[in-house]
Amino acid sequence: MTRWMRHVRILGICWRAAVASEVEYRLNFVSNVVLSMFWMLWAVAGASVYFRYTGAVSGWTNAEVLVVIGLFFTLNGLRQMLLQPNLERMTDYVRLGTLDFLLIKPFDAQLLVSLRHLNVNTLLDPVLGLALTITGVVLAGRGTSVTALASFAWMLACAVLLMYALTVSMMALAVRLVAAEELGRVTFAFLELSRFPVDLYRNPAQTILTVVPIAFLTTYPAAALLGRLNPYMLLLAPAAALSAVILATLAWRRSLRSYTGASA
Amino acid sequence: MRDLLAAYPPLVRSATQLAVTYRGRTILGVITGFFPLLTMAVWLTVVAEAGPPAGWTTGDFLSYYAAATLLWNLSGDQVVWQWDADMRSGDLSVRLLRPVHPFHQYATSNLGHRLVSLTMLVPVLVIAALLVPGLDYPTNPVRLAATALALALAYAVGLTMASTFALIGFWSTQTTNAWMLWWGLGSFTSGWVAPLALMPDWVRTAAAILPFRTTMGFPVELLMGRLDVRQTLFGFAVGLGWLAVFALLYRIIWRRGIRRYQAVAG
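Chains as they are written, first to last, in our numbering: chain A, 742 to 1005; chain B, 401 to 666.
The set of hints was computed from the structure by calculation and includes no laboratory data.
Since this is a predicted model, take the numbers as computed values, not measurements.
We treat Cβ as the ideally placed atom computed from N, Cα and C, and that holds for glycine.
Don't take each hint at face value.
What the hints assert, rightly or not - One side only, chain A facing chain B, incomplete, derived with CB under 10 Å: (1) C755; (2) F779; (3) W780; (4) G787; (5) V790; (6) Y791; (7) Y794; (8) A920; (9) F929; (10) R936.
Hey, can you work out the whole structure from these sequences and the hints?
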């Protein structure tokens, strides 16, 4: 337990340093918030075009789709805040040999490399995303329950773990490919598939996206919040998330074994 | 002018070589640009469940979005990020020392990369058009020639519009965000969010005179044979008009901006 506390404390110190260095650039923060809100309105207006021609697509009304779009922005906000700033540094870590120094620090290398940096500019993005999700739930007008909220929190936590696992596997690839920028784009592309509920696509795309597990990112958490999740998923989601994290950790360790260091 | 034209082929060629050398990157760029296909997939579900919206069948959507993917890979807006990075790092100073105006340096670099993406994408589209039932273009030589012209115009307008925006960098550090706002608003009238035929009337009216349709919707509609001669000529006139406007704006802003440029490094 003390080991865990130590990890949390050290990450806290890293993040405080990140905040301190970025509050210098307040205009960036404001400009980023404006842009995030704009992209959300953009997505909302864009999705409304479908509903000019139909009341519901595959059983999802416009308001219910907003729940999913909000979750997409929540996850993307978390990705940009916590994961992307670390992934994008991987190229330099490998190219310049910085990774050597990180590996010899008395701290879990994977945690340090994957969570050390924090992008303060996108701090509000997850909050804005959740606000859109709540708006969607209210507009859907069927209320919510404690069970629905609890299973939503549970499913969302699994979704965040999945995102983390995806990013760590990209980092493992980055050790070999030294192309973090492109891998960052791949991560976003994965997430982008979750912009709409997977039910909105027809087969075979729908089945593929359920297996890949894009559906666990936004569709199932949204279904949980709307109180129509298959309860079976409450067990399947953590299983999927944990196995993804384990696989990603294994991939990371494996690629470290092939890493030879550029300098020291 | 003649020097400039002479400089284009080798500069474009070196950019294509760069794109081919880093082909993994280029391929990823093409593959990750699948957003139009997501929108298309939802439309196909709408067609299957509620019937063709505004008369658009599955085949229409397939043809529209296949061509739209092509146009997306032909967009020149990456130059905004390049200008921004070079102004911040001071690398623009180096570019200013070269005998060719920076606009053309960025343009040739972009054009080279676009050509490689297109070389990868066009065969895929042709095969798809042959194999996928419903994905079909009513082609004839005149229409193909007009579409080729419209594609060139789309690229030229997109590039000059983006380059003009990039010059904001002489005054502000928020160029890329400003560009994304502009692009995002424009995407409703370009045919990116949805085919313009499916948008509300007022959006369509705005789209007819704004610059964005030239960069995507116009060439696609032309290729699909949805425009008569009058509409085609009008589309070209609007596009050429905006090309002139942005070229002029670029010159004016460049002259004012370059006086403010203070290189940090290079």
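Which of the numbered hints above does this structure break? 1
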